[in-house]
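Heads up: the protein sequence lines correspond to chains R and L, in order. For the record, in the first sequence the residue sitting at position 261 is 261 according to my numbering, with numbers rising by one throughout. For the record, in the second sequence the residue sitting at position 113 is 113 according to my numbering, with numbers rising by one throughout.
Hints may contain errors.
What the hints assert, rightly or not - Under 10 Å between C-beta atoms, here's a sample of chain L residues computed to sit facing chain R: (1) 38; (2) 40; (3) 77; (4) 94; (5) 101; (6) 104; (7) 268.
No lab work stands behind these hints, which were simulated from the structure alone. From the three backbone atoms N, C-alpha and C, an ideal C-beta is built for every residue, glycine too.
The residues making up each chain are set out below.
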Amino acid sequence: MTEEKLILKEDLLRICDDVIKKGDTLLAPGKSEYVIVKDVSEIKLDPEALPTKISFKSYVFPKSEPVLYYKRSKNDVTLIDADVNGRKIVVLGAKPCDTGSIDIMKDLFNWDYRDEFFNLRAKHFIMIGMMCKTHDEYCFCTSVGCSPVSENGSDLFLIPLSDKEFALRIVTEKGREFIEPYFRFLCDADTKRTEEVLSAAKNPETAFDPDEVHEWLGRNFESPKWDGIGEVCLSCAQCAFACPVCHCFDIVDEDYSYSEGRRMKNWDGCQFGHFTLHASGHNPRDIQSKRYRQRINHKFRYYVDKFGKILCTGCGRCSRGCPVSIDIKEIVSNCKD
Amino acid sequence: MNNIYLPHLAEIKQIIEESPDTRTFRLAFRDRDTADRFTFNAGQFAEYSAFGDGESTFCIASSPTNREFIECSFKVYGKVTQSLQRLNTGDTIGIRGPYGNWFPLKELKGRNLLFIAGGIGMAPVRCVIENVLDWRDDYGSLTIIYGARSVNDIIYKDKVKEWKSRSDVKTVITVDPGGETSSWDGEVGFVPAVVEKTKPSSENTSVIMCGPPVMIKFTMPVLEKIGFSGSDIYTTLENRMKCGLGKCGRCNIGNVYVCKDGPVFTYEQIRNLPQEF
């Protein structure tokens with residue numbers, strides 16, 4: 001059973017100040033992305049802000065990270081293992097459409113082979129989620145099993161009761177361990193008041209039923225609907241980079257001198273034509289419509305079949321940032337006969 | 001930290017020029033422990049590194065019964081294979097693997113086997129042939145049909161000679177029309193036509209077939225006409241891969257990851273996949 005406490009904003013900021021002073025990383029939503037907080041005065045904790053342009057994904061799965069270093073000398077090669085700095089990262093005020101993202105990606109990075117680059121970072125995350133009190137025309141968290149009040153993925157969850165007070169829910173053991181040294185700041189909760197705030201949440205309207213979409217996709221690998229989208233999409237992959245759960249990557253060698261270099265794991269995107277291009281010139285997803293079909297199928301069908309989870313949190317970032325106004329909510333809502 | 005992207009290092013012991021554009025590396029692991037621990041099954045693949053240019057995916061072309069060395073064969077095509085081509089005997093490359101599934105050779109014991117290979121598709125097929133020849137008594141009749149573009153393009157020439165000399169293997173080698181030389185004593189014609197002409201029996205027989213998509217496309221109807229069912233025909237799918245570990249997201253066909261659920265599939269399985277490969 002989740003335990004609930006009351007905390008004043010000023011006390012919450014005191015805890016944050018302590019996190020920074022200890023040398024841990026404190027991340028909070030900034031103007032367009034999650035930023036490392038240097039001073040607590042930068043913290044806004046605004047439940048009415050829309051999701052940032054990109055999530056905190058790069059802190060658990062960096063845009064570009066070395067997986068090994070190599071040195072060539074005459075015939076020989078020496079390899080040096082890349083190290084992961086598994087520092088504690090406290091995320092403050094993450095939206096419910098972001099908090100669950102690590103759990104969604106975790107399955108992919110751990111089926112059979114375990115990607116410890118991801119795991120070591122994920123292990124050190126303390127997620128302090130916060131109820132969301134806004135949405136725009138692109139939001140659809142309620143259509144993919146999430147909601148503005150979802151505690152999914154949060155270790156601690158904040159419910160803003162006023163400008164000055166929050167209800168604080170202790171969701172996981174990890175969250176409890178984090179907050180225990182600060183118990184002196186916590187007071188008894190007024191759960192009735194919390195419930196009132198929660199029930200006043202502004203849910204975005206449900207746009208589609210993911211089970212129906214899954215079923216439709218199974219029957220419509222070939223559909224003229226894909227051709228239409230393919231003609232509009234620019235294949236810029238903005239959608240993949242903005243997505244909190246898109247995880248496809250490339251592995252590339254980068255020489256930085258004649259004899260030394262590093263092997264990098266870089267974000268990649270299924271909307272790029274070269275993503276699946278064979279050396280022979282053959283390309284299984286040679287046209288944009290096939291690539292967009294892959295994107296939607298991967299999110300709403302393949303990932304569900306493999307891991308039982310939808311590869312989407314409904315944050316709407318891909319649509320909000322799309323240069324040609326492709327709205328994923330609209331497209332998926334149209335995945336029906 | 002266990003780094004799944006870290007390759008083993010191996011020395012190129014020998015380079016065999018198979019044809020003008022295909023070469024084979026005979027490789028030995030630098031580390032004795034790795035050499036002892038590295039085991040695989042016929043059909044599995046690995047990621048080979050040319051440090052500085054990246055990794056490329058090929059099957060392991062030597063037999064798993066060979067514990068002395070492993071071999072890979074590649075056609076020079078893209079950035080990494082060009083880089084590999086520049087390496088010499090004694091140089092070091094990286095190997096990650098073995099990955100993926102394999103041909104069910106243990107389950108196929110007692111059956112007759114028909115091997116059909118075209119071009120560089122001979123590499124995975126050779127691995128199976130050598131494996132089967134090492135377990136010769138466990139199988140019935142063996143037939144090999146191998147097609148290359150020209151006499152010059154035939155790879156594993158020594159192996160082919162050895163198979164042809166064996167009385168317990170039927171070996172048919174063909175080259176595309178125009179690819180023959182004046183002294184060529186094999187068949188001339190495309191693989192589907194040669195299969196039709198050879199008329200292998202489908203009775204208690206499984207097919208192991210690898211080659212270019214166009215060869216597979218036109219050989220399938222011939223095999224079906226002879227009486228083979230889709231579940232008796234095994235082939236491999238190749239897709240662009242980076243990780244080989246089911247993570248990087250590009251080799252999937254529908255919800256099937258070629259690197260994990262493949263590369264070996266029966267023709268029946270392939271027929272049920274979305275047609276996106």
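Structure-based check of all given hints:
{"no.": "1", "hint": "38", "verdict": "violated, 16 Å"}
{"no.": "2", "hint": "40", "verdict": "violated, 16 Å"}
{"no.": "3", "hint": "77", "verdict": "holds, 4 Å"}
{"no.": "4", "hint": "94", "verdict": "holds, 7 Å"}
{"no.": "5", "hint": "101", "verdict": "violated, 12 Å"}
{"no.": "6", "hint": "104", "verdict": "violated, 20 Å"}
{"no.": "7", "hint": "268", "verdict": "violated, 18 Å"}
The structure does not agree with the numbered hints 1, 2, 5, 6 and 7 stated previously, though it agrees with the rest.
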